[in-house]
Amino acid sequence: MRRKISLKPITLLLLLTTFVSFGKEQEGHGEQKTGKATESEVKAYIQHHLKDSYDFNLFSYTTDAGEEKHVGFPLPVILWDNGLKVFSSSKFHHGKTIAEVGGDYYKLHHSKIYKVDGPNGEIIEDENHHAINDKPLDFSITKNVTMIFMVFAIMFFMFSRMAKSYKKNNGMPKGMGRFLEPIVLYVRDEIAIPNIGEKHYKRYMSYLLTVFFFVWIVNLFGLTPIGMNVTNNIAVTLCLALITYFITTFSGNKNYWKHIFWMPGVPVPMKIILAPIELLGTIIKPFALMIRLYANITAGHVVLMSIIGMIFLFQNWIGSSLSFLLAFVLAILELLVAALQAYIFTVLSALYFGMAVEEHHDEAH
Amino acid sequence: MKLFEDFSLGLFVWQAVLFIALILLLKKFAWKPILDSVNDREEGIKNALDSAEKAKLEMQNLQADNQKLLQEARAEREAMLKEARDIKNKMIEDAKGEAQEQANKLIQQAQAAIESEKKAAISELKSQVANLSIDIAEKVVRQELSNKDKQLKLVESMLGEAKLN
Chain X
347 MRRKISLKPI TLLLLLTTFV SFGKEQEGHG EQKTGKATES EVKAYIQHHL KDSYDFNLFS
407 YTTDAGEEKH VGFPLPVILW DNGLKVFSSS KFHHGKTIAE VGGDYYKLHH SKIYKVDGPN
467 GEIIEDENHH AINDKPLDFS ITKNVTMIFM VFAIMFFMFS RMAKSYKKNN GMPKGMGRFL
527 EPIVLYVRDE IAIPNIGEKH YKRYMSYLLT VFFFVWIVNL FGLTPIGMNV TNNIAVTLCL
587 ALITYFITTF SGNKNYWKHI FWMPGVPVPM KIILAPIELL GTIIKPFALM IRLYANITAG
647 HVVLMSIIGM IFLFQNWIGS SLSFLLAFVL AILELLVAAL QAYIFTVLSA LYFGMAVEEH
707 HDEAH
Chain C
2 MKLFEDFSLG LFVWQAVLFI ALILLLKKFA WKPILDSVND REEGIKNALD SAEKAKLEMQ
62 NLQADNQKLL QEARAEREAM LKEARDIKNK MIEDAKGEAQ EQANKLIQQA QAAIESEKKA
122 AISELKSQVA NLSIDIAEKV VRQELSNKDK QLKLVESMLG EAKLN
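For the protein sequence lines, the chains are X and C, in the order given.
To get our numbering, take the position in the first sequence, counting from 1, and add 346.
To get our numbering, take the position in the second sequence, counting from 1, and add 1.
Quick caveat, the hints were computed from the structure, so don't treat them as lab data.
In this text, a Cβ means the ideal position worked out from N, Cα and C, and glycines have one as well.
In silico DMTMM-like links for lysine to aspartate or glutamate, alpha-carbon gap of 20 Å or less:
(1) X:K600 <-> X:E705
(2) C:K151 <-> C:E162
(3) X:K481 <-> X:E468
(4) X:K545 <-> C:D41
(5) X:K520 <-> C:D37
(6) C:K47 <-> X:E527
(7) C:K28 <-> X:E527
(8) X:K548 <-> X:E705
(9) X:K510 <-> C:D37
(10) C:K33 <-> X:E536
(11) X:K453 <-> C:D7
(12) C:K154 <-> C:E139
(13) X:K461 <-> C:D7
(14) X:K548 <-> C:E43
(15) X:K514 <-> C:D41
(16) X:K510 <-> C:D41
(17) X:K437 <-> X:E414
(18) C:K106 <-> C:E118
(19) X:K514 <-> C:D37
(20) C:K33 <-> X:E527
(21) C:K33 <-> X:D535
(22) X:K548 <-> C:E44
Here are some of the chain X residues that sit facing chain C, going by a computed Cβ distance under 10 Å:
(23) F505
(24) E527
(25) L555
(26) C585
(27) L586
(28) L588
Start from the sequences, fold in the hints, and give me the full structure.
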């Protein structure tokens, strides 16, 4: 009960700060030009928000004198370009200058690092506006990577403490564990056991629990104004989907492979037709996992940010307050989506594991 | 495609490394201890319930046993009481018989004693009567030897008396 009450003001506060930080940006730009935020500005802001960045930017604004101010801190850039190159992202000055490291020159272009010829080198674009400059191998600690590190630390702290509280209290959870235990048990009793089966589920619990809480926490951080949403990067969802794919493939038993390559209970020509389809299916399933998580979170953010943008586009009491209301409702919906997507990812992973370890049974398919 | 342009190898590598490390770390430091504790607890609850059920059953058995014992005891008491009653009755019966016998015997003895006493008394009486008669006869004879009539009369009256006896 207490938790519920205390959670609400925090969410409200976080939502409000989203508006505030966003508002500052828009107002700053607006004053400089027409005094109003424009559609293209909102669009650019949304695109910027969805992209990864090399700085941990909390918010930025333009002063009355027309000077851009960024509040945040730089992050380390790690490049592999004829040797390891590590430098602070502050060298880019938010993309305004070219960074010089050990005789090589790098420039930020659409939130990506390109190699340029010299201190005054330019990005060369082809007819499709794609830069053709060399791209160094980039292992920078970007904002997204920082968020992953943070979630890593938070999860490790939370769950190792929870585990310790069990030891201290004779197998009873205490504090945070009391809140987390039902969720852990839910993953076990409602996701793992029904989909994988009583016999094999234990092997997959670590992955299922980790992926569930990881996606959920990362999604929730995405809804806070400081957070970068990690799951709207295809690289992250690809990584998660690949792990599911590998676990499924490597735990597949004889029965599983038989159902893929030589489907029992159908005539031989059908078997031959079904084999490539089934084989493709094993790849499509994790691919769908990847796209589902990515698309849901990205779409949610685009819609939410657009509606927040509308508040500033309307610039009148009725339109803006209606947009505010809509944004508020949508933000709450996004809270649900954050948990729902984590749940769906975990359930489907469990389902695929269940298929892979299913024992042979003599029923017609 | 925009999707693949956005793909960042660095992010992928970091995510893969951190996520797999997180799975392994949490497995060792969190999931295993947590799930084990939960399992132990559930097992403990299940065992406790089982043993409670067992204890209940045992209680019922015990109660049934008690009931049975009680019934047995009651039956035994009943039997013992019956036996005692029988013995008592028999003893009374026996005592009565013996007493009767004893009494009969005593009565018989008494009767026999009375009979013999009576006989003795009769015989003594007879002898005394005989003596008395002789005495009387002697006296009469002595007196009446002078008077013949008187002698006869006396004899006669005496004989009448004797007959009355």
